[in-house]
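Trainee: Chains as they are written, first to last, in this note's numbering: chain U, 4 to 640; chain X, 10 to 314.
Hints were generated in silico from the structure; no laboratory data involved.
Among the hints, erroneous ones may be present.
[To be verified] Distance condition first, Cα-Cα at most 30 angstroms in a straight line; then the derived DSSO-like pairs of lysine-lysine:
#1 X/Lys-166 <-> U/Lys-350
#2 U/Lys-344 <-> U/Lys-481
#3 U/Lys-509 <-> U/Lys-466
#4 U/Lys-392 <-> U/Lys-268
#5 U/Lys-156 <-> U/Lys-453
#6 U/Lys-273 <-> X/Lys-61
#7 U/Lys-268 <-> X/Lys-61
#8 U/Lys-344 <-> X/Lys-166
#9 U/Lys-597 <-> U/Lys-392
#10 U/Lys-509 <-> U/Lys-597
#11 U/Lys-176 <-> U/Lys-572
#12 U/Lys-244 <-> X/Lys-61
#13 U/Lys-378 <-> X/Lys-61
#14 U/Lys-426 <-> U/Lys-291
#15 U/Lys-597 <-> U/Lys-481
#16 U/Lys-392 <-> U/Lys-232
#17 U/Lys-232 <-> U/Lys-176
#18 X/Lys-61 <-> U/Lys-232
#19 X/Lys-166 <-> U/Lys-640
#20 X/Lys-79 <-> U/Lys-273
[Claimed, not checked] Footprint (simulated), chain X over chain U, 3 or more residues, beta carbon under 8 angstroms:
#21 125-131
#22 222-231
#23 287-297
#24 320-334
#25 506-513
#26 543-553
In this text, a Cβ means the ideal position worked out from N, Cα and C, and glycines have one as well.
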Amino acid sequence: MSTRSFWARLASSGLLVGVLIAAIACGEKEVVVTQVVEKSVEKVIQQTVVVEKEKIVEKQVEKVVQQTVVVEKPVEKVVQQTVVVEKEKIVEKLVVATPTPGTAARPGKQPEGTLTVAMSDVGTPLFLNRAATWPLNLYHTGFGLTETLAKAKGQGEEPMLAEGWTMAADQSKVTFKIRKGVTFAGKDRNWGEMTAEDVVWSFNDAGAENAGSKHDQADVIGLTYLPWKVVDQYTVEAPFKQFQGSWLAQTIIEAGGGANIVSKKVFAEKGDAALTTMVGTGPFVAEKWSPDERLVAIARTDHWRILPDYRRLVVMEAPETLTRVAMMRTGEAIIAEVPLKEAPGLKNLGYVPDDRVGVATGQNVYFAGNYWSKKDPRTGASVTRSGFKPDASHPWIGDPDDPARMESARKVRLAMSMAIDRKTINDTILAGLGGVVYIGQISAQNPEWKDKWKIDYDPAGAKALLAEAGYPGGFSFKFFIPPDLGSVDPEVGKAIASFWQQIGLKPQLETTSYSARRPSMVAREIDIPWLMQGSDRGAPVGGPTCPFCFPQPGWNGGYEAQEFYDFWKASSEQVMGSPANLATRDQFYDYMFKWQLQIGTVEIPKLFVYDGRRVASWQLERNTQSAINGLDSVVLK
Amino acid sequence: MGFFLLRRAFYMVVALIAATMIVFGLSRMAGDPRLLFLTEQATQEQWDAWGKEMGLDRPLVIQYGIWMGKALRGDLGKSLRTGYSARDVILQRIPATLQLASASFLFVLVVGIPLGVLSAVKRGSAFDVIGRSFAAFGQALPPFWLGLMLMLLLSVKLGWLPTGQRGGLDHYIMPAVTLGWLAAAGMLRLVRSAMLETLDSEYIKFTRAKGVAGWTVVWKHALRNALIAPLTYGALLLTAFLTGTVVTETVFAWPGLGRLTVTAVIQNDFPVMTGAVLVFTALYLGVTFFLDLGYALVDPRIRYR
Numbered sequence: 004m005s006t007r008s009f010w011a012r013l014a015s016s017g018l019l020v021g022v023l024i025a026a027i028a029c030g031e032k033e034v035v036v037t038q039v040v041e042k043s044v045e046k047v048i049q050q051t052v053v054v055e056k057e058k059i060v061e062k063q064v065e066k067v068v069q070q071t072v073v074v075e076k077p078v079e080k081v082v083q084q085t086v087v088v089e090k091e092k093i094v095e096k097l098v099v100a101t102p103t104p105g106t107a108a109r110p111g112k113q114p115e116g117t118l119t120v121a122m123s124d125v126g127t128p129l130f131l132n133r134a135a136t137w138p139l140n141l142y143h144t145g146f147g148l149t150e151t152l153a154k155a156k157g158q159g160e161e162p163m164l165a166e167g168w169t170m171a172a173d174q175s176k177v178t179f180k181i182r183k184g185v186t187f188a189g190k191d192r193n194w195g196e197m198t199a200e201d202v203v204w205s206f207n208d209a210g211a212e213n214a215g216s217k218h219d220q221a222d223v224i225g226l227t228y229l230p231w232k233v234v235d236q237y238t239v240e241a242p243f244k245q246f247q248g249s250w251l252a253q254t255i256i257e258a259g260g261g262a263n264i265v266s267k268k269v270f271a272e273k274g275d276a277a278l279t280t281m282v283g284t285g286p287f288v289a290e291k292w293s294p295d296e297r298l299v300a301i302a303r304t305d306h307w308r309i310l311p312d313y314r315r316l317v318v319m320e321a322p323e324t325l326t327r328v329a330m331m332r333t334g335e336a337i338i339a340e341v342p343l344k345e346a347p348g349l350k351n352l353g354y355v356p357d358d359r360v361g362v363a364t365g366q367n368v369y370f371a372g373n374y375w376s377k378k379d380p381r382t383g384a385s386v387t388r389s390g391f392k393p394d395a396s397h398p399w400i401g402d403p404d405d406p407a408r409m410e411s412a413r414k415v416r417l418a419m420s421m422a423i424d425r426k427t428i429n430d431t432i433l434a435g436l437g438g439v440v441y442i443g444q445i446s447a448q449n450p451e452w453k454d455k456w457k458i459d460y461d462p463a464g465a466k467a468l469l470a471e472a473g474y475p476g477g478f479s480f481k482f483f484i485p486p487d488l489g490s491v492d493p494e495v496g497k498a499i500a501s502f503w504q505q506i507g508l509k510p511q512l513e514t515t516s517y518s519a520r521r522p523s524m525v526a527r528e529i530d531i532p533w534l535m536q537g538s539d540r541g542a543p544v545g546g547p548t549c550p551f552c553f554p555q556p557g558w559n560g561g562y563e564a565q566e567f568y569d570f571w572k573a574s575s576e577q578v579m580g581s582p583a584n585l586a587t588r589d590q591f592y593d594y595m596f597k598w599q600l601q602i603g604t605v606e607i608p609k610l611f612v613y614d615g616r617r618v619a620s621w622q623l624e625r626n627t628q629s630a631i632n633g634l635d636s637v638v639l640k
Numbered sequence: 010m011g012f013f014l015l016r017r018a019f020y021m022v023v024a025l026i027a028a029t030m031i032v033f034g035l036s037r038m039a040g041d042p043r044l045l046f047l048t049e050q051a052t053q054e055q056w057d058a059w060g061k062e063m064g065l066d067r068p069l070v071i072q073y074g075i076w077m078g079k080a081l082r083g084d085l086g087k088s089l090r091t092g093y094s095a096r097d098v099i100l101q102r103i104p105a106t107l108q109l110a111s112a113s114f115l116f117v118l119v120v121g122i123p124l125g126v127l128s129a130v131k132r133g134s135a136f137d138v139i140g141r142s143f144a145a146f147g148q149a150l151p152p153f154w155l156g157l158m159l160m161l162l163l164s165v166k167l168g169w170l171p172t173g174q175r176g177g178l179d180h181y182i183m184p185a186v187t188l189g190w191l192a193a194a195g196m197l198r199l200v201r202s203a204m205l206e207t208l209d210s211e212y213i214k215f216t217r218a219k220g221v222a223g224w225t226v227v228w229k230h231a232l233r234n235a236l237i238a239p240l241t242y243g244a245l246l247l248t249a250f251l252t253g254t255v256v257t258e259t260v261f262a263w264p265g266l267g268r269l270t271v272t273a274v275i276q277n278d279f280p281v282m283t284g285a286v287l288v289f290t291a292l293y294l295g296v297t298f299f300l301d302l303g304y305a306l307v308d309p310r311i312r313y314r
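All chains, full assembly: derive it from the sequences and hints.
Mentor: Put into structure tokens, the structure is as follows:
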């Protein structure tokens, strides 16, 4: 053995590393809801509508003054005050109905049999909220191992581990009444009743009192709440740091990635090992959960809410789509996560594609480089963006200090949107099963959609617009299509590029790994159009608006404007779905339509397919994170 | 021999350290891991807290020193994605990887060597045609496609084998064939050409002239002398099976080290990534070490000083 062979081995080791680095570059079950206060809520809503009449407005304003608000504003501000009254009225009455514990199993039948599910990712046991990164946090509730304080139901929410909640009149806090008799269970033992201590521990660890939390919603929870407090054994107080109208949808319900309620006692006994100690309040107890492989869970027969129809739940991970399809066809899987393209074939074989999860991921083009903000929207500090290049090489980037350039760039972006034949993309690539999207942030299938934001396919008009903008012969540019983001279909990206070529543009496709590109987004350096998920038809009505309204170090898709922060601030302080909130959102979409900073193309619905010969019913609910859910409700034939 | 072993062990340690330095440096060159994990509404407070927790607020050299110190004590840090011990995550995947690699390697040995020998001994016969056809198909079929086609035929159409995942012996057949066919083809060709050369040598002719039985000549005298090249190839194959089976693991939903590493690379989960490379490097060095010893056992003319 010589020095030469040492270097040869060292080189071999380097080669191995090199290769790796090269790789880098590259129904019967039913929850009965007792609508105890529905009448109250309805009355309030009626009052709110009437509020718009002048006489009633005066009364309401007087009431506000008597309470706390010092009205020193001009008369024309009265409308704003009525909005405040509306919020108080609604939330004070918002003691939510209690679902009656139900059962999925047929009467007189104990759980038996096995439900097998094939997923692209089976997740990882993460029973400490501080470590619950996306999308791993979603599997715990999705598979029925843990539960949240409330859950999605239709376009709204219904209580789960909370019996109800009350919002303070001044919107300074929300108080939860915790359900009694709910117990934590693990594979080997019962961990006792869930109390307010567990709820407070769960949320504070998720981000209300833990800046280092990596929970999916840690940033929103940290932004929204001060540390949660125990009032008594079954009462929890969540003080707001900054009230957000969407607090319920974004931080509480499972469909929004809300914090799972985990046992404080487990952490007290196990310490950091609580992370992998599989204890929850859900209708299933994990028996074995092997990351990248499978989950085996057993139904609880003492669950407070539901008695599953089957005894064993087996979730198998199969990252390759065709493997999951094969698992369905061989009967190894009864339910599978299947991409849209495979749905027609499976449907022909008797399987049932189900899109009730409600998510259809928009394939949107972000016109990066339009960093129009000159200051941090929160602090007012000056900012400079290296990706802001309103020059000849970046015709889509506008300059707010140069109105002519601003307009020509807008025309370029609009022309690029008009050049895309969305229907053809949907019909060919998505087999007609998707939908069309016109502007960023809102699907054309969303209840809030209005036809005034529609953009017709008009290549001739697009060419004319390009000429008006000063680019009659088109221009060359890079178009980034992430090849490794599950939410982005590169084929759609290539189709978009081909439509652009038809109006004389010369896009060069860049297919760098998304993870290699992401740092340039956080740093506000990305300055090319790129394809990314955007609008979502499954989003609940109303809520805040937020395309890149936050400063660094938050992620940003490539454009900034003070207006985005202003829209977000206004909408986040409004009750989700209220008239004022919807009006703000309407203005926001007008803005998005006008400036075309993020254009939509098509949307790809999220599908689960089940074997209709073996599944009698399944209550799959809306989930804005596209996570599987309601497996506890599956009734087998 | 003892000195040789000591020297080899020393070089292995040096190579391991060098590999970790390269991987650690490259992983940080890929960017601050926080840039991949923090979301849109992340605050400076979160940024700082994450940095402190991960030790990112210190110079790179110090970070490496701390990591190396812990690594020597068996602590590879925590996965950024799950918070799990990187060592435990890697150790959990090793059994699955070893199982698949062993099954595939067995397939290579059981199919590649006998067919190679038969092709050489029965040159131009039906055995030779079968052997060369097997090799041609193996080298032409992309493993990804092969795996899916096997699945379609043997699982979906015939219902003979499960589609994937770990389980009983039947779970190993398709992944082993998918991973091993290409390698078995190479082994077959290598054994065949080495055997042809050996069978044509004077000492084999002499052995035959002495009246030694035909198959004894083939299996005892010829094959042993023809094994040096296949042995080297086999050792490299085994290393490749242990480190680069991501395609087969993906198709057959096999929870091995390959998928784990690729995921860690994509997500810049550097504790898992560097740990996995450490394991790969150690495996590679270990296999080549035993390969060198194997040479001496197979061919007595080879001795180390």
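Trainee: Among the hints numbered above, which are violated by the structure, and what are their numbers in rising order?
Mentor: Hints 4, 14, 16 and 25 contradicted; others consistent.
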